[in-house]
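2 protein chains.
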Amino acid sequence: MAFHYPNGQSFPLKKSAQQTLKKETTFANRGMHFEEAINQSNEYYLTHDKAVVHKKPTPLQIVKVDYPKRSAAVVKEAYFRQPSTTDYNGVYHGYHLDFEAKETKNKTSFPLKNFHQHQITHMQKCVNQQAICFVLLWFSSLNRCFFLSAEKLIDYWNEQENSRKSIPLSVIENEAIEIVPQIAPRIPYLIAVEKYLEKRSQTNV
Amino acid sequence: MAFHYPNGQSFPLKKSAQQTLKKETTFANRGMHFEEAINQSNEYYLTHDKAVVHKKPTPLQIVKVDYPKRSAAVVKEAYFRQPSTTDYNGVYHGYHLDFEAKETKNKTSFPLKNFHQHQITHMQKCVNQQAICFVLLWFSSLNRCFFLSAEKLIDYWNEQENSRKSIPLSVIENEAIEIVPQIAPRIPYLIAVEKYLEKRSQTNV
Numbered sequence: 001m002a003f004h005y006p007n008g009q010s011f012p013l014k015k016s017a018q019q020t021l022k023k024e025t026t027f028a029n030r031g032m033h034f035e036e037a038i039n040q041s042n043e044y045y046l047t048h049d050k051a052v053v054h055k056k057p058t059p060l061q062i063v064k065v066d067y068p069k070r071s072a073a074v075v076k077e078a079y080f081r082q083p084s085t086t087d088y089n090g091v092y093h094g095y096h097l098d099f100e101a102k103e104t105k106n107k108t109s110f111p112l113k114n115f116h117q118h119q120i121t122h123m124q125k126c127v128n129q130q131a132i133c134f135v136l137l138w139f140s141s142l143n144r145c146f147f148l149s150a151e152k153l154i155d156y157w158n159e160q161e162n163s164r165k166s167i168p169l170s171v172i173e174n175e176a177i178e179i180v181p182q183i184a185p186r187i188p189y190l191i192a193v194e195k196y197l198e199k200r201s202q203t204n205v
Numbered sequence: 001m002a003f004h005y006p007n008g009q010s011f012p013l014k015k016s017a018q019q020t021l022k023k024e025t026t027f028a029n030r031g032m033h034f035e036e037a038i039n040q041s042n043e044y045y046l047t048h049d050k051a052v053v054h055k056k057p058t059p060l061q062i063v064k065v066d067y068p069k070r071s072a073a074v075v076k077e078a079y080f081r082q083p084s085t086t087d088y089n090g091v092y093h094g095y096h097l098d099f100e101a102k103e104t105k106n107k108t109s110f111p112l113k114n115f116h117q118h119q120i121t122h123m124q125k126c127v128n129q130q131a132i133c134f135v136l137l138w139f140s141s142l143n144r145c146f147f148l149s150a151e152k153l154i155d156y157w158n159e160q161e162n163s164r165k166s167i168p169l170s171v172i173e174n175e176a177i178e179i180v181p182q183i184a185p186r187i188p189y190l191i192a193v194e195k196y197l198e199k200r201s202q203t204n205v
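Chains Y and Z, in that order, are what the protein sequence lines are. Residue 1 is where the first sequence starts when you use UniProt numbering, and the numbers rise one by one after that. Residue 1 is where the second sequence starts when you use UniProt numbering, and the numbers rise one by one after that.
Simulated from the structure, these hints should not be mistaken for lab results. Keep in mind it's a predicted model, so treat the numbers as computed, not measured. You may find that some hints are simply not true.
Identical chains share a label here; the pair holds if one copy fits it or two copies do between them.
When the alpha-carbon atoms are kept at most 27 Å apart in a straight line, the in silico BS3-like pairs for lysine-lysine are as follows [to be verified]: (1) LYS105 with LYS55; (2) LYS69 with LYS50; (3) LYS64 with LYS199; (4) LYS50 with LYS107; (5) LYS69 with LYS113; (6) LYS64 with LYS125; (7) LYS69 with LYS125; (8) LYS125 with LYS50; (9) LYS64 with LYS152.
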């Protein structure tokens, strides 16, 4: 996109490609914004007709809305509500996907305090309805990403209820599927979904 | 719930059961709040382990948040955003459900102005990913509810692009699956989903 000045010269706007490049360079050093990377991956999958996955909006209790003349309605008072589901869901090849994305700066384990009972309850209900349900775990200090199935997370959650409150990286390396970040999609989680489906079909046979 | 006064007497708060009762009695006369009926049906299906379906929160662009001492964060400025999906989705028996609920006071046709291009586009993408995608149409003046598959809605939408902008009730009676409202769940849409699946499997054979 460019603005054209009267002298015929164009004034290029900051290109989104440049912005993306800038983001990529800071990504390795300062830890990427994991949620943003997931959202961009969803966008990629959507535009390439691979899957339809969206992040759910933050639930708000709206109390007061102003309707000013000649401009858009403005919410003037609202409160955050506890979400009753995970953040992401959608459809891939007939499968219902339902997942949560979490990150930690820890290097040796993933703290379970990142999860809440209502999310675990929701994931159990989804698993019962045969959804593909999982969490994407991001170790920002290690630049490593894992797909951990809800079944395994829930097992661990129930075992750990009253003891150690984190999953050691060694357990995750064994039980989860590692996802290697790419340029596009940045977090190619559908590869992990396919591996999970393959494994599940073998186990069921 | 009750407040206790110093004299030991309790002051009962208005019971939600009474509120529900009041709503039920007005339902037949003044037309029910369709969205509320769907939400209650989702709640019923969730608690009875039949399906996990939730309404998506309204998407808001949050601009300003206050964090007062000793009380909850308050959103002080936010704007409504265009949703990029339908209102409802979830999982039933391994199937991904994705739908929109709309009502009209009309008696002879359903106006297509109730739908937006972005919703149609989203539904087409879901259909391509083999989702069970549909709209629930409520004729409030007739007390009649229909399940219309996204495939048929999209066909009609494309045909009608530049002509008559509504679907006649007679067409809906032929092409859609009628849902008879009940006590619980109030809108038993999973019955229609089952009929749709049965029909679809016969067509595919």
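Okay, the hints, checked on the actual structure:
1. LYS105 with LYS55: Answer is within; shortest intra-copy Cα gap is 23 Å, inter-copy 33 Å.
2. LYS69 with LYS50: neither (43 Å within a copy, 46 Å between copies)
3. LYS64 with LYS199: neither (50 Å within a copy, 46 Å between copies)
4. LYS50 with LYS107: neither (33 Å within a copy, 40 Å between copies)
5. LYS69 with LYS113: Close across copies (24 Å), not inside one copy (46 Å); limit 27 Å.
6. LYS64 with LYS125: neither (34 Å within a copy, 35 Å between copies)
7. LYS69 with LYS125: neither (46 Å within a copy, 37 Å between copies)
8. LYS125 with LYS50: Both ways: LYS125 and LYS50 sit 25 Å apart in one copy and 10 Å across, limit 27 Å.
9. LYS64 with LYS152: neither (43 Å within a copy, 39 Å between copies)
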